[in-house]
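So the sequence lines, in the order shown, correspond to chains A and B.
First residue of the first sequence: 1102, per my numbering; consecutive thereafter.
First residue of the second sequence: 3, per my numbering; consecutive thereafter.
No lab work stands behind these hints, which were simulated from the structure alone.
We put the beta carbon where it would ideally sit given N, CA and C, even for glycine.
Careful: at least some of the hints might be erroneous.
Unchecked claim - Here are some of the chain B residues that sit facing chain A, going by a computed Cβ distance under 10 Å: (1) Pro45; (2) Gly59; (3) Thr90; (4) Lys92; (5) Ser94; (6) Glu97; (7) Leu99.
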Amino acid sequence: MKWRGFSLARWWSVVLKEFLQLRRDRITFGMIIGLPIVQLTLFGFAINTDPKHLPTAVLNADPSEFSRSFVAAMKNSEYFEIVGEVPDEEAGRAALAQGKVQFVLNIPADFSRRLLRGEKPALLVEADATDPMATGMALAATSQLAQSVARHDLTGALAPLRGGEPPFEVQVHRLYNPEGNSQYNTVPGLMGVILTMTMVMMTGLAMTRERERGTMENLLATPVRPIEVMTGKIVPYIAIGLIQATIILLAAHFVFQVPFAGNLGAVYLAALLFIAATLTVGITLSSLAQNQLQAMQLTMFYFLPNILLSGFMFPFRGMPQWAQYIGNVLPLTHFNRLIRGILLKGSGWADLWPSVWPLLLFTVVVMGIALRFYRRTLD
Amino acid sequence: MNASADEFAIDVHGLHKHFGDKHVVNDVSLQVRRGEIFGFLGPNGSGKTTSIRMMCGLLTPDAGSGTCLGYDIVREADQIKRQVGYMTQKFSYWEDLTIRENLDFVARIYEMPDRKALVDRTLDELGLASRAGQLTGSLSGGWKQRLALAACLLHQPRLLLLDEPTAGVDPTARRDFWEELHRLAARGISVLVSTHYMDEAERCHKLAYIAYGRLLAQGTAAEVIAGQGLSTWTIEGDDLTELAQRLRGQPGVDQTVAFGAALHVSGRDGARLEATLREAAAGGALRLTPSDTSLEDVFIYMMARSSDNFGAPA
Ligand SMILES: Nc1ncnc2c1ncn2[C@@H]1O[C@H](COP(=O)(O)OP(=O)(O)OP(=O)(O)O)[C@@H](O)[C@H]1O
Ligand SMILES: [Mg+2]
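Could you build all of it, start to finish, from the sequences and the hints given here?
Set out below in structure tokens:
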């Protein structure tokens, strides 16, 4: 079978060869199993931080003096950044599910009227608590907020209520991760980290190994095409990536009791997308590096921003804007959103699409770069 | 394809290659006819491997052009690769694959029909059938060479580029190998083979000698020898080492080479050489006989002169 010079037979010969070589490479094999276990143990505990300016939507069914004061107070606390209004609860939920906002402030319709009647009405703050580190401090701040609004900001008709106990309640509704368990967040996140590390490292070595052992000269002298070599070398690692994903999912379920809200098929599909994106990076680094040592260094160079800027180590929204821009280019960022979305929120594909297309685009672009840099000669 | 393609398996002109500021291949032109065994000789680092790599599209020449089997060496490397068997100087098969797996991989890459039968036959011919499941890395050096040769013949190429294929191979295997080469050549397969062995050079139809990147001679062994116009004398007797010292720099003496119990003395000016030698031998116990200039004499002569002319390699 041929397609513009692509030969399935030649491609398959590369795939078979890689599988055979991999099977004989005990150390690599040990790493495939060992790395997830070591990392899961190491990262069982996570680092806490205090992100601010978290995007918040307001569902204001009672536009009044009071609601304006409360929103203003939220802004002043610096924890919340009001990014817009939503027309109804459904839109609020959707914004949360897509990760557009971290909070939705819900002011019920007859809030100020009931406030005047002294009925102690409730404000509702819905939070995306997938990442408890990101929401914890902000939610703690809301109860303070109620106190301070009650003390200073009740004016006009509400002035008589000023100064005492707050004449209203703030109800917090943590969605997706009600107990605020940080392992729920960390363990799925680890999947991407481990895949990044092993996938990039192993494919990074794939081409440089041939070059260092002198077998590249042989390969180049045969009719095999760059695209056949590159994609053929990738295939065995896709299988390895899926094995690793399975190990982590098993650990997540049986050791860390992470809830599986979403579809397991979706998890694997997301993993597959991410593995493809990551492998293209590895194979590109492999083409760029002169030797195996350089390939390792490049792997580290790629690994660091991924671990720091993808929202794995630190809450994404706690990062400065420029870092978020970089983070948004990295596949791990999108995979973290996907995997947390599926496992913890049970998100559907429509919700996940904003994270799916960047992965696809990344894969295509990087594969193009890899082919561009594949050296067809020994020059 | 152009007209010369029918006649020449390799036809390259004015090849140049630099590595950094090192001029590694300098204006090399080669013609290898169909069905010819062409020997490629030259000292270490003279640019043989580099030239061969340019011919099969593994290196891009800085200047120069040419064809291999009628295909342009720069633009049509893909077609060349399909029909050329290239045996690298350094063993370049996968040591972590078994012998059978290596051959099988090669057969698949070239999309050979009847792969299994082909691999089995090759293993039998090699005498490795019983060791087919052994890891290639555990073979001895000579056996690796023989495996590599078999592997590069597997896809029935029309042109063989062999880079020191018999380095480290025992004499019997070497003889078998050369007989096989002549059989292939008789079937119309062309062979370019680099070697450091004189006996192998003498078994080639044609030769080329390269030193410091320059091609110094090309033709049959007789032509190459005649081309340098050397007269050679063989001297036998005692104290030949001391004699060689004494002769060096004398009129007519261009080169002295010790060959076991004899000394070969060569020079371009036959008459003056003879006069000098007769004077040196006069009254002594030395036996002086005119002899044929050997390939080795010529190669040593050319190498010495080329370093004189172009200086040591940068
Ligand atoms: N990739 C490279 N980069 C830099 N220099 C190189 C490279 N390949 C070869 N050279 C240099 O080019 C010169 C010719 O090398 P080449 O391997 O062609 O010699 P050779 O005639 O095959 O020698 P030998 O008989 O030892 O195999 C040497 O000086 C070598 O150091
Ligand atoms: Mg060489």
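Cross-check of the supplied hints:
1. Pro45: The hint is violated - proline 45(B) has no Cβ within 10 Å of chain A, the shortest such distance being about 22 Å.
2. Gly59: holds (7 Å)
3. Thr90: Constraint on threonine 90(B) satisfied, holds at 5 Å.
4. Lys92: Interface hint status for lysine 92(B): holds (5 Å vs cutoff 10 Å).
5. Ser94: holds (4 Å)
6. Glu97: holds (7 Å)
7. Leu99: Since the shortest Cβ distance to chain A is 6 Å, the answer is holds.
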